[in-house]
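Peer 1: Each chain, written out:
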Amino acid sequence: MSDTAITAGALPAPKAENAVAWGFSRAQFGALAAMIVFLAVAPFVLYPVFIMKLLCFALFALAFNLLIGYVGLLSFGHAAYFGMGGYIAGYSAKALGLSPELAILGGGIVAGLLGAVFGWIAIRRQGIYFAMITLALAQMVYFFCVQAPFTGGEDGIQAIPRGNLLGVVPLDRDMNMYWLVAGIFLGSFLLIHRIVHSPFGQVLKAIRENEPRTTSLGYKTDDYKLVAFILSSALAGVAGATKSLVFGIATLTDVHWSMSGEVVLMTLVGGLGTTFGPVIGAAVIVTMQNYLAELGAWVTVIQGVIFVACVLAFRRGIIGELGNLLKVKL
Amino acid sequence: MEDLFGIPAPLLFGQVLLGLINGAFYAMLSLGLAVIFGLLNIVNMAHGALFMMGAFVAWLLLDKLGLGYWWALLLSPFIVGAFGVLLEKLFISRLYKLDHLYGLLLTFGLALVIEGVFRNEFGSSGLPYRIPPELSGSWDLDFMFLPIYRAWVVIFALVACLATWLVIEKTRLGAYLRAATENAPLVQAFGVNVPRMVTLTYGAGVALAALGGVLAAPIYSVNPQMGSNLIIVVFAVVVIGGMGSILGAVLTGFGLGIVEGMTKVFYPEASATVIFVIMVIVLLARPAGLFGRA
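In the order they appear, the protein sequences are chains A and B.
For the first sequence, our numbering begins at 1 and goes up steadily by one.
For the second sequence, our numbering begins at 1001 and goes up steadily by one.
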């Protein structure tokens, strides 16, 4: 694999026997265990709402990485699915009075449907055109959300009730909400890992490496790309829906193009095409935004500088570089 | 006053003119994007930020040095173009061997930095820039009042686009450029300094964006977000037109501007999204774009 590939996976492909179980290598098992311990301990040490925010963005970045990292498709409009998931969940929890699990599910389904339509349109072109088309389509969603009555325009949807999970567990308590978010995150993480290591995922990686050759082997690459796009947008929608319930608010910020840029940055910083990279990248960027919030517009400048630095000198990202250093695939 | 399609004529023509002005900016920006993409193979995400910089340089020239509109029209493209040359030398030139998407990510990062710096320095609210006295006022055309400055913008942008087209299609330099777009190593083998040409092409594309920024300064207020809002529409314009043809880019730019203006009259709710809808239709019917090569 050459350094010219968009994926940062500059490591040699792992041999099948390297995998201990369920597609995880030994190093990945270690990292997974560390992550689960962190999820279990973190809310007692750190501020739970902050960890929830972090997990929502980590899920968003994981969903985005499914496309860029494993199919080689750069969607520059993923905010559309994240934001729309948030709006749908907020609207169904507040105006329709749906329970939180249905609200989140609804957010994911609507975002997936939106992704089905947009993906169907965007996969007609490749490479940079794909990126520009997804960006333009997301901007269309943004303008739609500015005008549509149910989104509340500039105010957004506010005071979204968290409700009771399955009608019994009150989510107003942060700890209850936390376990739900952690569960959604971990479940989605394992789902994405399962997708990537399934036969379907192998075809996706084949498309990333050489699409004409994959076509010549008899695979309808467009169908595979579309399914990957739908899965990615639905999971992004789940992330946005969960976030809107955590904070009780869904606004235009989450559908704006700068949010699309942020998820690219998170994934790039963590490591494109790595299993744990998007999680670490999201943690780094969200933490940075949290601590630098008082600097105002300088945060944008810093993010831009990180973008430039990553592209020029640091294309594997944190996890990619770490894996390279330790000679393992993370 | 007569009505056209049940719409008062001045309103209709006024919106068409506004559409033409937006179209002028679409045309100039998509032209620059197309030229840069042709030779450098990168999508210049910083194009909007550099357009904004062009407007700010004009404002700064007036505010700090007392140099007015005409000086700005001359100097701002040079200053911003030189800045573009610097960006290409320092950053972009390091990416030519990599996947095109890295160029997109890098220039996106540069755009964030430029926009952020200007927002820190000047805030988000716009700064006013006066129309030069020679171009203020308006002509009474019977069916509408035509502000002279707006007519000037449309005509000047058309001339700038035509000049670019002439340089690329009819001069020796343009021939080198077109040849290098097709096959850079071969042109280099003939003794043309291709890396320098690439750098200057980027500078020229950026200068064109800055020129658009100066033209836009008196119409819109000069503010740090003026470029990013425009550039996403320009990407849609580029997808619709296809990046294969210079005249195609110009035509698509102006045409879509007019369509947008008309939409403001007949169905204002859709005016922000009409270009994206057209993009979808074009992608379904002609995926390579109206003037694109498949």
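It is possible that part of the hints are untrue.
Keeping only pairs whose Cα atoms sit at most 30 Å apart, straight-line, the calculated BS3-like set for lysine-lysine is [said to hold, decoys possible]:
#, chain 1, residue 1, chain 2, residue 2
1, A, Lys53, A, Lys94
2, A, Lys205, A, Lys327
3, A, Lys205, B, Lys1097
4, B, Lys1089, B, Lys1170
5, A, Lys327, B, Lys1170
6, B, Lys1097, B, Lys1064
Everything labelled a hint here was simulated from the structure, so no lab data went into it.
Peer 1: All hints, please: hold or fail.
Peer 2: Against the structure, the hints come out as follows:
no., hint, in the structure
1, Lys53(A) / Lys94(A), "20 Å, holds"
2, Lys205(A) / Lys327(A), "21 Å, holds"
3, Lys205(A) / Lys1097(B), "22 Å, holds"
4, Lys1089(B) / Lys1170(B), "28 Å, holds"
5, Lys327(A) / Lys1170(B), "56 Å, violated"
6, Lys1097(B) / Lys1064(B), "42 Å, violated"
In terms of the numbered hints stated before, the structure departs from hints 5 and 6, listed from lowest to highest.
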